[in-house]
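Peer 1: Residues per chain are reported as follows:
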Amino acid sequence: MNLKNSDKGKGEGSNRRTDPIWLERLSQSNDFVHEHTSFREDEPFWISYYRTLISSDILHKDVLPYLQEQIPLAELKSRIPVQEIILSKDTNEIIQNILNGHMAIQKHQSDVECLLINIANSKFRDVGVPNMESSALGPQVGFIEELDTNINLVRKRLPVPELHVKEMKVGELSKTKVAVLYMDGIADPENINTVIQRIEDIQYDHIQDSSYIASMIEDNSNSLFPQSISTERVDRVAAGLTEGKIIIVADGSPNLVILPVTLMESFIAMEDYSYSWIISNFFRLLRLAAMFISTMISPLYVAIMTYHYELIPARLLETLVGSRAAVPFPPFLEALFLELMIEMVKEAGIRLPLKIGQSLGVVGGIVIGQAVVEAGLTSNVLLILVGLGSLASYTSPVYKFSNTIRFIKFPVIFLAQWFGLLGVFLAFQLTLIHLLRLTSLGRPYLSQYPIRNTSFQDLWLRLPFSMQKENPTTLRPQKKWKSTGKGKKMGPANDFYE
Amino acid sequence: MMNRSAFCLFLILLLSGCSFLPTNIVNEIDMAQGVGYDLSDKTNIKGTIVFPIFKKDKTSTTEVRAAIGKSSKEIRSILNNETRYPLVSGQLRVALYGKNLAKKGINDFVDTLHRDPSIGSIVQMAIVDGNANELYKMKKYKNDNVSVHIQELLEQNMKMGLLPETNLQSFLFQFFQIGQDPYLPLIKKEAENIRITGLAIFKDDRYVTSIPMKDFFIFKALVDKNSLGLRQFILANRDKVVLETINSNAKYKVNIVHGRPEFTINLKLKTKLQEFAASEKERQAFDKKKYQKQVEQVLEKSALSMVSQFQKHRVDPLGLGAKYKEHFRGFNEKQWNEDYPNVKVHVNADVEIVQTGSID
Numbered sequence: 001m002n003l004k005n006s007d008k009g010k011g012e013g014s015n016r017r018t019d020p021i022w023l024e025r026l027s028q029s030n031d032f033v034h035e036h037t038s039f040r041e042d043e044p045f046w047i048s049y050y051r052t053l054i055s056s057d058i059l060h061k062d063v064l065p066y067l068q069e070q071i072p073l074a075e076l077k078s079r080i081p082v083q084e085i086i087l088s089k090d091t092n093e094i095i096q097n098i099l100n101g102h103m104a105i106q107k108h109q110s111d112v113e114c115l116l117i118n119i120a121n122s123k124f125r126d127v128g129v130p131n132m133e134s135s136a137l138g139p140q141v142g143f144i145e146e147l148d149t150n151i152n153l154v155r156k157r158l159p160v161p162e163l164h165v166k167e168m169k170v171g172e173l174s175k176t177k178v179a180v181l182y183m184d185g186i187a188d189p190e191n192i193n194t195v196i197q198r199i200e201d202i203q204y205d206h207i208q209d210s211s212y213i214a215s216m217i218e219d220n221s222n223s224l225f226p227q228s229i230s231t232e233r234v235d236r237v238a239a240g241l242t243e244g245k246i247i248i249v250a251d252g253s254p255n256l257v258i259l260p261v262t263l264m265e266s267f268i269a270m271e272d273y274s275y276s277w278i279i280s281n282f283f284r285l286l287r288l289a290a291m292f293i294s295t296m297i298s299p300l301y302v303a304i305m306t307y308h309y310e311l312i313p314a315r316l317l318e319t320l321v322g323s324r325a326a327v328p329f330p331p332f333l334e335a336l337f338l339e340l341m342i343e344m345v346k347e348a349g350i351r352l353p354l355k356i357g358q359s360l361g362v363v364g365g366i367v368i369g370q371a372v373v374e375a376g377l378t379s380n381v382l383l384i385l386v387g388l389g390s391l392a393s394y395t396s397p398v399y400k401f402s403n404t405i406r407f408i409k410f411p412v413i414f415l416a417q418w419f420g421l422l423g424v425f426l427a428f429q430l431t432l433i434h435l436l437r438l439t440s441l442g443r444p445y446l447s448q449y450p451i452r453n454t455s456f457q458d459l460w461l462r463l464p465f466s467m468q469k470e471n472p473t474t475l476r477p478q479k480k481w482k483s484t485g486k487g488k489k490m491g492p493a494n495d496f497y498e
Numbered sequence: 001m002m003n004r005s006a007f008c009l010f011l012i013l014l015l016s017g018c019s020f021l022p023t024n025i026v027n028e029i030d031m032a033q034g035v036g037y038d039l040s041d042k043t044n045i046k047g048t049i050v051f052p053i054f055k056k057d058k059t060s061t062t063e064v065r066a067a068i069g070k071s072s073k074e075i076r077s078i079l080n081n082e083t084r085y086p087l088v089s090g091q092l093r094v095a096l097y098g099k100n101l102a103k104k105g106i107n108d109f110v111d112t113l114h115r116d117p118s119i120g121s122i123v124q125m126a127i128v129d130g131n132a133n134e135l136y137k138m139k140k141y142k143n144d145n146v147s148v149h150i151q152e153l154l155e156q157n158m159k160m161g162l163l164p165e166t167n168l169q170s171f172l173f174q175f176f177q178i179g180q181d182p183y184l185p186l187i188k189k190e191a192e193n194i195r196i197t198g199l200a201i202f203k204d205d206r207y208v209t210s211i212p213m214k215d216f217f218i219f220k221a222l223v224d225k226n227s228l229g230l231r232q233f234i235l236a237n238r239d240k241v242v243l244e245t246i247n248s249n250a251k252y253k254v255n256i257v258h259g260r261p262e263f264t265i266n267l268k269l270k271t272k273l274q275e276f277a278a279s280e281k282e283r284q285a286f287d288k289k290k291y292q293k294q295v296e297q298v299l300e301k302s303a304l305s306m307v308s309q310f311q312k313h314r315v316d317p318l319g320l321g322a323k324y325k326e327h328f329r330g331f332n333e334k335q336w337n338e339d340y341p342n343v344k345v346h347v348n349a350d351v352e353i354v355q356t357g358s359i360d
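Here the protein sequences come in this chain order: V and D.
For the first sequence, my numbering assigns the number 1 to the initial residue and increments by one for each residue that follows.
For the second sequence, my numbering assigns the number 1 to the initial residue and increments by one for each residue that follows.
Incorrect hints may have been included.
[Unchecked claim] Not everything, but these chain V residues come out facing chain D in the computed CB check (under 7 Å):
#1 310
#2 313
#3 314
#4 316
#5 318
#6 322
#7 325
#8 329
#9 407
Simulated from the structure, these hints should not be mistaken for lab results.
Glycine included, every Cβ here is placed at the ideal spot set by N, Cα and C.
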């Protein structure tokens, strides 16, 4: 190719003719290339692109061979075998597209009009196993950082025209592509409009992850409880869509956001549907119990050991009191110390690289824990309880929620120290009140009251598939029944309210 | 604003160190698990408090401390002067009363048990034939928790054995119930062992008499629902039958004849034959009907003689007065107390031998 770099000639040339504004603005960066394809000034063509954004493979194979003849841009458009070609005069559009990996072809350097060809380099990691939400059974496909691939994964699972995608750009600087997915005819239009409107209203300069959007459009951003589920599992997203939930996809984020959700959904693992319903009910309720154990066990220890010694059964007295006999701290400091230590070990384990992280688990869990008991700083009963509680906090299949559980026990420990069991009860009541008030997209988050029939088909319990007939009514789905067969009543599910 | 949040943070840190309520950190209190009261002299009593001392290496010991005073809380405050940590009563398991004290009335010392909210109502109570202090001080139980030992001894006998169910709650109920007198187990130190020897029967809160072990079976059947227990009957011709109760039910009927109450106790027992030794050494099948009849007669006789014993001592542990009061509006306690020794009581036992064993 006869390419002549424009950088040298630009200095002299700029005196006698004016470059279009977009060219002037873009050429400030060093990775911007503005070249001429021929030796002669008046012959075609001038091409410009960001070297770092494009795929030189496509440029050399599919574009440059067609730029030898002098033909009008419109004809060139039909010749070049690339999918996305736009002929544009709009400065903003041109800048935007070049920044997204298009190349611009001008006839003359001073022309505003140019042909925009998408030759963007789209190298991303392959679709892989979901890392944070692994499961033994079920599909092992996780989302990746590219929006189109993610939507493609969802479309493969729901190949129906009712799956609508609405794309938007969010972020003044990041210009992140955000897509809202929903099932037309199932999802409540009110929910869809709320999500779209809230995303459109976002005024923030950069969106790095879908979680940014999730926390920006939450009903109550001061709540400890996530009012949406971030997931990298394709099956969870597809299942949510069919129930009438709304999905938010952000470019550059492997996590998709599901809205609206209820508290209990944080205890649902997609694996539940791979087992017999009896077994999966057991595991689902086990996770619920684990949440209570995790949040209540060390506060209960503090409360009982500090105030309510009369609650200890006679046979347990020796174990509990004996283990605390030489501990110099009150139970509160003992519990706080151990809980903070365990949280530090967990936090360090997450931040460290994998290989070091493994040895850290050994150091933190065994060495420090054992040494602390040996040194008589805490009782070994508490070590067991804290270990159990910390184990239990990770049973939730939703990572954000398990972090909530990790955090929530600390205020309860303080209340237990101040008021004893009354404080633990107070914490429970306050949490319950908060959860009852909390909404996700205006839908009740706890979904406990009023009691709905559908909450027992597949939320608190998982009945066999033959008995999961209705879509969850709290979502106000347009389609009431999950399957259309057997002459069942069709129509909107919310007739009760109208 | 900054000042205020800094102040709040300071407050939180400050408060977390202390607490709003008085604390009882488990290893910084001495938990009394057993108390005992004996008569010391005419006006004073000797109180004994037993509390365990737990060590990290599980070699816990039991401390027994005694002091002489006029009330139980006075004794506690005297004893507080010699314990390492404050004495608390929330873990109380057993309360023992010396027989001599019980003869004078134990209400003053039971009162504190139900006034203290940290004491539960399932505290076991017993009367000691002898000295409560000596019982607690037995060397054998120095390293074994003597109060828990007594508690479990009583509880297992109530659950599986012949001892009628009693505890603080039942004592208080019977004590405050009009027309009923309480009863408590009677225990004794016998040859370096603690054993149950009888059942102490009270008039109000004063020990009056006791019933021996052999009457436990019929007494438990009359006062407890679904009482279990084993009893040997020596019948006519010296046939020996051992029956175990599976299910029992005693129904009290009150009839008013000529303005005076008459009681009929219908006792239904479903039993299991545990052992049978016939006097005639002949091979024969177990004649169920014959022996049922004979057992019924024995039971009726022993029940009647027990009731007449109660009437003689003017005590009413069966609560006949309370049953009469339920049925008769014009119940007069004074009148009843006068009538009681002469009230007619009939007992109809209905014994059914449901199971006769695997070989028959």
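Peer 1: Could you run down the list of hints and mark each one as holding or not?
Peer 2: Results for each hint:
Hint status for residue 310 of chain V: holds, given a least beta-carbon distance of 3 Å to chain D, under 7 Å. A least Cβ separation of about 10 Å between residue 313 of chain V and chain D goes past the 7 Å threshold, and the interface hint is therefore violated. About 5 Å separates the beta-carbon of residue 314 of chain V from the nearest beta-carbon of chain D, less than 7 Å, and the hint is met. For residue 316 of chain V, the shortest C-beta to C-beta distance to chain D is roughly 11 Å, which exceeds 7 Å, and the interface hint is violated.
Taking 7 Å as the C-beta cut-off, the interface hint given for residue 318 of chain V holds, the closest approach to chain D being about 6 Å. Here the hint on residue 322 of chain V is kept, as its CB sits about 4 Å from the closest CB of chain D, short of 7 Å. For residue 325 of chain V, the shortest C-beta to C-beta distance to chain D is roughly 5 Å, which falls under 7 Å, so the interface hint holds. Below 7 Å, beta-carbon pairs count as interface contacts, and residue 329 of chain V has none with chain D, the closest being about 10 Å; its hint is therefore violated.
At a threshold of 7 Å, the smallest CB-CB gap from residue 407 of chain V to chain D is about 16 Å, leaving the interface hint violated.
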